[in-house]
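Those sequence lines, one after another, are chains A and B.
Residue 63 in the numbering used here is what sits at position 63 of the first sequence, and the numbering runs on without skipping anything.
Residue 124 in the numbering used here is what sits at position 124 of the second sequence, and the numbering runs on without skipping anything.
Derived by calculation from the structure, the hints in this document are not laboratory data.
Treat each hint with caution, since some may be false.
Said to hold, decoys possible - In the EDC-like style, the derived pairs of lysine to aspartate or glutamate whose C-alpha atoms are separated by at most 16 Å in a straight line are:
| hint | chain 1 | residue 1 | chain 2 | residue 2 |
| --- | --- | --- | --- | --- |
| 1 | B | K24 | B | E45 |
| 2 | A | K113 | A | E142 |
| 3 | A | K276 | A | E257 |
| 4 | A | K296 | A | E278 |
| 5 | A | K32 | B | E103 |
| 6 | B | K213 | A | E295 |
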Amino acid sequence: MSTNFSHTARVIRADQVTPLIKHFSFERVDGKPFSPFSAGSHVVIGMNNGTNTHKNPYSLVGSSNNFMEYEIAVRLDSTGRGGSLFMHNNIELGSEIQIGNPYNLFPVYKPAKKHLMIAGGVGITPFMTYIDEMNLMHSNFELHYSVRDFENGAFAKELQDKYPNQVNLYIQANGVMANFNEILDNQPLGTHVYVCGPQQMVADALRIADEMGWPNSSVHSEEFKAPEPGNPFTVTLAKSDCKINVRSRESLLEALENANIEIPYSCRGGACGFCKTEVIDGEITHRDYFLTDAEKASGNCIMPCISRAQGDHLTLNI
Amino acid sequence: MTNVAFKKPLETYREDFTYANSEKAIKRFPFPYPEDQYMYSVNMEHHVRGETGSIYENTFDVDEHYLSEMEERRIVLEKDPDRFVTLSHMDLHQWDVLELLMESFAQDYPKYFSLTKDGDHWIWENHPLGIKHSFIFGDKSTLPCEPAEYITRQAQGDFVLMDQRDNDLYADTAMITCAADWSVPFDLGMSFMEWHGPVPLAHGMGVFERALKYLLMIRLGQPVRRLNWTLTINSRMDTSPEVYHEWGHERGSITPENVGEKIHLRVEVQTLFRLPRSNGMLFGIRTYLISMEDLCKNPLWAQRMHRVVKSLHPEIMDYKGITRYHKTLQDWLSQFDH
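Okay, chain B solo, but in the shape it has when bound (with noise of 0.2 Å):
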């Protein structure tokens, strides 16, 4: 049975950032660069359980931040409703997520989560948060909110929540509270190319071709993922464009005595589920943060975070927010490539 420690008093992800990732936090954390230099490709795989311990060995991670990340979704989402959008044809897709995050929950970590069903009649209860709720599966007006938003109050990540027609993937539903500089707003409703139209170099290279012929053959049981990174400054989980006032500047702020403490490297791990009853797929961003302080104490890591920066394309570089402090960057980073 997995045990988690959950970080108390809460920790923060705004203001000032008191998020911090235990030894054991950074031991497991998904390092994603397999070779030394880094470029765009369909890096998926089958979303399969791993060892006891990892971040791969329940089908969603919940971790030390669990409680931390839902009170920061919470603050976000007070703010900014519209952090979760739906269109009105995504009611199958929402009740798919709900008992797919549900039965996960409490298949995999018993201790802290339950569903008890008797019918369309289920008894949900999350320990950590303090929950118990009693509803009509199928019936929205059992909820205090939408069934995808209820649920993803209570699951660590973003999610987005996609219909599948005209062979193509249409983003209909979504819950973005640490989004790496998208706006979900603006997204709702697009298809898959239109979504991913920013991202440079990857389109000549045929790679959402593949990667979306890819995953409409998604099936039911065989989910995949893949993993995204970025770096973000201090340990913010909500870099949106909406508040892009709050934290855009802070690129500025990297000098080489700071380096270590304020640059994160973001890592996403995106997991793809087809939904038994809707036919449509959840596409789950499930953010870890890590600052380079804590990243460079395993020397094989410091080593290649050197070489994946040093040699990074420079529209790469550009589109992740990158350019104004490389220099200093790949300068702290070579303490640790001789």
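Bound conformation, chain A alone (with noise of 0.2 Å):
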């Protein structure tokens, strides 16, 4: 097992919050309470299928004042590459999975005077942390949380409960429509956006805020991404002289793992940077948000958890 894994945990939990969504708590084996977090955190889940183990990064869901359990939301990917597919139909209560210590790629923005969170479907998970925080903290904080009909707003009904006049539900069903303009028009001086959603709901909020003059500093979002398939290609591995072959459907990184050869990761999504590895040979299609522009026009390194070769081939100098 990886050495990126720190704890064996069990599920304790597992229910079907919407029709795509299943909410997962989990206790570690050994009885001991986990770390604490801070909010937006991710953990990678790494589950074994009997022949290799998917590893996806989920964001932490559940308070992050009880260190006893752990608790995720997984959204059904069914043209995905299987992990969510295996978690929706293999892991049940009493199932055992590892997990590694919680890394944060979307911080709170600790000085803002008020946060503006704006969510759609699945992304409203690193909020649930968020709200949490922000509830002990005493902040100003609203959410904004767009799903396509109440049966699929995971939560929705929950945080409505809780925070009426913080929580602004738009059902699309019903014809309504979050309207970001309005959302971002007359905020507070001091005020920080944070988007998390589907990447077309990503893209059109930072387009708008970007059109209402809001400076890119205060305007945040959650940017990781599944790996997508590619052409297949061989690796040659400089320092050990091997060569492997990465199919069309796996990552460089999962290759790599396969062959039992050790890279330190954390968000698997091309945009914490632990994966960076020397590029030897061979041309490169970048895919990450970690690389400088410069880096990545060198061709001298790659992040191999979303990154591939352009070609039939690279050299590492691994």
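With the hints as a guide, dock the two chains, each given alone in a separate frame, to form the complex.
Structure, rendered in structure tokens:
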């Protein structure tokens, strides 16, 4: 098992909270508490399906003050690479999984005078811990949450019940759409905006904020994505003198892991920077958010969690 | 279990300077030079536990000077309460640090410290300082002062709590009573680059860009450390700009006769911990002082000290305030390097 995982954990609750979203609670098998974590943190969950291990990052959604349990919410992605499908179909009460330490790529901007959250669909997940923290710290906050229909709005009812004055729900089936121009208008100085949801919604919100003159430094979005399939290629490892085939539906990082090569990682979505690896030869298709434009242009490093070879081979200096 | 022979009566870091290291303290001193020549580098390593008796045996080192250093901190704060400063968005960071220090102390030194938790109701006992206090974690009104001030009045070394935002680290809370010539009220709220602005040479070498990128990625449960050093006249902990009038002139007091006794190598063991609840960072600066006389009891250290001092870059020498007595020190050290 990868040293990237910290604990073995057991499922103590698994609830289908919407037709597509399953809500899991875990406890440590050794009975000890988990580490406290900061709002917006994610953990990587490792699930062994018998032949290999799926490793997916999920936002923690539970209270940041109950460390006996960690909670996540998993949206079923039937067109994805199988991790969420496995979580939905095979992980049940009593199942054991591996879990890494929390890491935060979407932290709350602490000095903000007001926190304005814009969520769409499963993009609500990081805001569950945001709201918990903001409530605890008596911060000024507002949530605008768009869902397809009420049935598909994970946590919508409990949020509305608990924070009727701060939570605004937009149910698209009822023809109610969030108007970003209105939401972003007339906000007090010192407001920070956080956006998490489907790619198009995030892009729209960021574009409108920009058009309205919001400074980039006051607008935050959660941007890590799942690796996309690509052409198969061969990778040569210069130091260990071996060759590995990367299949079309697996990432370079997964191919290395399946060959028992340990690479540090956290987000597995091109944002955190841990898996950065030196490239000696071969053209790269960069898909990450971490490397600078200059680093990408130099062609001598890759984020194997999400980026691939442009041609049919790469040579790595590992 | 770690046993510590706390120095009594208390030693002083001012006026009559009764501070002194025992044989044991000399032996475990963190000698900072890996080579005969010193230059800035990103010299960070994982903060993992070291050998029994070494300064790295425990997460935070409590040594024979504990009681004396805490009294020195009390004196400095009494004269100048601004040596502890904090900004209003730092509450979570402060509780994080209180928890980290209390848990580490209680786990590593059960003979001296204990922490009992019943939900949010905590009882903290510090036997050497005679403290027993019940409080509610997260409720400031149950502590006599700010949480970070409370616990760092009971922990050796200086502490900076950094907030991480905009891919940068901001020095937004600090307890600094043993500063090596920098001012915490002046630096409060500064970004990483602003804070390190005065350091010569290293900016052009790209040291700070690389260091910052590395620090931003420090993970929970995987702290790192590095060593930093300077020289101080007398065993004075508080060499801050606020009291420059008390110590600045001492640099002119060095003669060939008093080098060994007066000049102290001042080593900072700097540690960096990711803070869990706030996603901030704790920057610990644990200062160790040793007189040249005591340092040179180790022939290898004495020889290397001479070579480092002899080859020191003039800009670093100036920045560290060594220029005025450099030649006297070098001449004195040359007796150990044949």
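### Query
Within a Cα-Cα threshold of 16 Å, do B/K213 and A/E295 meet the stated pairing?
Answer holds: B/K213 to A/E295 is near 14 Å, not above 16 Å.
### Query
Under the criterion that the straight-line Cα-Cα distance not exceed 16 Å, is the pair A/K32, B/E103 satisfied?
With a Cα-Cα distance of about 15 Å, the restraint between A/K32 and B/E103 holds, given a limit of 16 Å.
### Message
So if I understand the rule, the pair passes when the alpha-carbon distance is 16 Å or less; does B/K24 with B/E45 pass?
### Response
violated (25 Å)
#### Entry: Restraint check for A/K276 with A/E257, where alpha carbons must lie at most 16 Å apart
This hinted pair holds, its Cα atoms lying about 14 Å apart.
### Query
Given the hint that A/K296 pairs with A/E278, does the C-alpha gap stay at or below 16 Å?
Since the Cα atoms of A/K296 and A/E278 sit roughly 12 Å apart, the hinted pair holds (cutoff 16 Å).
### Agreement of A/K113 and A/E142 with the hint, judged by alpha carbon distance not exceeding 16 Å
holds (12 Å)
The structure does not agree with numbered hint 1 stated previously, though it agrees with all others.
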